[in-house]
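Chains as they are written, first to last, in our numbering: chain A, 1 to 148; chain B, 1 to 923.
Do not take every clue at face value.
Below are the SDA-like pairs computed for lysine to any residue, each with C-alpha atoms no more than 25 Å apart in a straight line [claimed, not checked]: (1) A/K25 to B/V650; (2) B/K344 to B/A218; (3) A/K110 to B/A218.
Simulated restraints on C-beta separations [unchecked claim]: (4) B/E536 to A/Q45: 48 to 54 Å; (5) A/L117 to B/L819: 32 to 38 Å; (6) A/L117 to B/L256: 33 to 39 Å; (7) A/Q45 to B/I776: 47 to 53 Å; (8) A/P14 to B/A690: 35 to 41 Å.
It is worth saying that the hints were derived from the structure and are not from the lab.
Virtual Cβ for every residue (Gly too), placed ideally from N, Cα, C.
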Amino acid sequence: MTLETEVQSLRQVPMFRDVDPARLKLLAFTSERVQFAGGQRFFSQGDPSDAAYVILEGRASVLLHTPGGDIQVAELGSNALVGEMGILSDTPRSATIMAAEPTTALRIDKRVFLELLAQFPQMSLAIMRELAKRLERTNAQLVAQSSS
Amino acid sequence: MLQIVKRVSRGNEGGGAALMEKSLFRYIWTHSRRDQLIVCAVVLASLPFYFMSLDLPRQIVNQAIQGEAFRDGNATAPFLHLKFDWPAWLGSGTVEIFEGFEVGRVGLLMGLSFLFLFFVVVNGAFKYWINVAKGVLGERMLRRMRFDLFSMVLRFTPEALRSVKSSETATIIKDEVEPIGGFIGDAFITPVFLGLQATTALVFIMVQNVWLGLIALAVIAVQFTIIPRLRRELLRLGKQRQLASRQLAGRIAEVLDGIEVVHVHNAYDWERAEIGHRLFNLFTIRLKIYNRKFFVKSLNNFLAQLTPFFFYAIGGYFALRGTLDIGQLVAVIAAYRELPPPLKELIDWDQQRLDVQVKYDQVTQHFAEERLAPLLDARQEAEDVPLVGPMVGEDIRVAGPHGDMIIEGGAFAIDLPAKVALISNGGAAATTMARIIARRSTEFHGQIRIGDRDLLQIPASVAGRRIAYAGVDPILFPGSIRDNLVYGLRAKPLRRAAEDRREMDRRIAEAIRTGNPLEHISDQWVDYERIGARDENDLDRILIDLLDRVGMGDTIYLFGLGGRIDPERDRDLAERVVEARRRLRETFQTNGMADLVEPFDPTRYNSQATIAENLLFGVAVSDEFRGRNLAENAQFRSATDRSGLTDDLVQMGLEIAQTMTEIFEGLPPGHSLFEQFSFIGAEELTEFEAILRRHARGEGRLTQEDRTRLLALPLAYIETRHRLGLLDRRLMSRVVEARGLVREVLENSGDGVEFYDPDRVCAAAPLRDNLLFGRISHQVANARVRVAEAVAAIVRELDLLTDVERIGLDHQVGTAGRLLSPQERASVNLVRCLVKRPDIMVIDGALAPFDEAQAQQLMEVLIGLLDRQSLFMVLPNDRQAGAFDAQMRFRDGQIIINETAQRTPRSRQVEPGGAQTTAGEVA
């Protein structure tokens, strides 16, 4: 698996869909490809947010810490982006991510990511567009919930 | 051994002169009288030989070749006939000393020729000896002067230091005294020698004709009065120039020291203009000097030629009138020809003398008496008793810089040892008091006594040993952390280092002759006993323990892992490191961590390492094998050529350049991402684009230069990290195959690379790499942290921790400690004080780099460490003062002591309210 395949994966991520391919290549090049063993944590709830991850291969579980123990709230598969909200909002991790099987992910360092955003407005715009879409979706869900 | 030590302390003249002599000549005369006289005597002794050699050619031509000696039909003539003719005015006569040998014509020619050769050799020998002696004399005096000046540097008062610039002082000691040193050898000898020559010629003229002699004398008198007068201006200019160039040096150093401000405020143009202006001034002064100098020179030449004019005109006139014998006139003119050269040189010497005197005056002014503290003999043996007992301050008055009183009639009494918090009232009082107690400031009235001793009267040797002071600025000297920590333990050498006997005698003899210290820096200066250490190793353990306590243990451990060991010097440790390497490998295998580190294997490609490292299979020792230089290295290139890898590497270089130019395009130059990630610097991007264009257009083959540049790129390539998909199995195995060839070629050409060997320590690699003997995986998540933990566990298990930390003590602190963080600098500063085990430790702002929690913790550590000693610490407020035995407050110029009624247990609970006013208030 080379840089090219990683760029393909990044392109599948909604947030990066509209980003210029050369920039995606830069993003991939400045990121690290890391492997997690099954059961190894990407990060734990409450940790400082230092990176976002794109899952290239494998699956990971999203766990929430509750008084009754950790509960799994979702499962992430290939091309899923995780941890991006933490690095954008500069808040601690809101959930634990744990590899469900041997998993390969692209680790996007927070500092590098923010520097790229600062350098390339087109990239920031793509991110904003995606965030706005998410907000819209959430609003729609809220409306749907309150009307139901 | 002891005897030598005694001789050492006696031989030293108290560390330099008390003050420089006002006159350079007196200084030279005082310190080099004997040598000057010896050289003078030898110069005089050489003169007869010199004159003989001048006379011989004439004799050879006249007597032997032209045959004057055989004129009267003599078949033989005397050789080596020594006789002395009395001059006419002493009543002529001849004294026969030796009749000589009767020899034939050829015999006389050969005899005289060999005699000539003999005198040539003798003169050469004299000249050689005189030159060396003068040079050595000058160098010795220069050494003495430099050392005296440096000793004075150590005595600058705090007040003087406010106006003294360090770089200017350095220029003075290094550059400005240099010409003085060059002059010293000639200071007495030249005037004596030349004066003698000139006088001889003058006397000869006088003897021939008194009037003509007087004319010559008159012109010389004019020369000697006018020329120096004209040169006075020259001296003034010289003085200006010296000051201006000294200030230039000072300014350059200032800019360099404050370069950050220059960068921040973009003041480049201003600084450039500033220096440009100074250079213009220097040039203008120089120009004036040149004009004046060469004018004076021409005038001097003119005056020298004026005398013959008089001789011709007046002497000729008298000769025509018949009052003067023509023969006499010719003789006078011939004699006068001998006069100008020594005269000219004498005037030049005088010029040089004045020049040097001016320089010397400028130098001594810089070290003027009022700038220096009184000469203290720091070595005097004094009664060394602990500084404990009642400490009493009476009527202490300190004036501030504006005449205001910081402390006015303050008094206090404390029983030492005690922990005293000096609580700042927002003004300078607490800091001033701290400096007074630490003996950093003597500018106060009143008296402080410890027991029955006046604080100010305690000899420097005792104070240096028993009082420690840590201020805001942790001053570190370049060197290792260890060097800085033991700085306070180097009061005097206790044992001589083994030294070659003859070399030592020579060194000591020279030191005595030049008033320099006799101690050698490789002597044992550190007083182990005093701090309770047995030897060097034990001292290291004490240092590490203290560093650990002030919270720098982890840092030292990390420095140690980054440090290097010398397997030759420390065989035992090297073996244990190799052992730890094996254990570490086993641990990784058994704990399922094998994929974290890819070991260096001579037969396998290490996919976590660069291609360069895989090719070398070792660590570069010299710079020519490092980084991009490797691609230019002829030996390395011949190895890659022979293994047929060059073309593949260049091809990879093309692909890397292609990718880099594509993805880094549009990023502004200087962006941090370039430095961090790109193979190609921003400034090279366009050059590589040009190479790529040339290649794409198929303009023939790439030039040799292009190939070298491209080849450099893949050398830093790591497939697992950069993931450009450029390395396949086939290429990897070819790289491994090429290793042997590379090693063979490089081994034949000296040691530029230290090769990896699984069973040996690689001296060029840091300890961390030697323990791992492999590269940490770039792919496995969190590998670095997990490996670090495993390494730490093994280090502890094999009892290597102290050894690692000892290597950490070798870590270099850099200029002014810039390679350390502010906290690390402050910690080193504290430990430097603590290791002395001072009776009184004064801390003022040394904890500033730490945050409040850390500072609090450190304060407790300090109180704990200085169990039976005194601690005076300046605190900004009384929040943390409860842990101290007493608080010293300052109010309206008064000093108020509050003793902590019930000493809070030395722990984290601090009660600010636990203080209670007692009768300590005296005012």
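_Check the structure against each numbered hint from earlier and tell me which ones fail, lowest number first._
Of the numbered hints given earlier, those the structure breaks are 3 and 7, listed in rising order.
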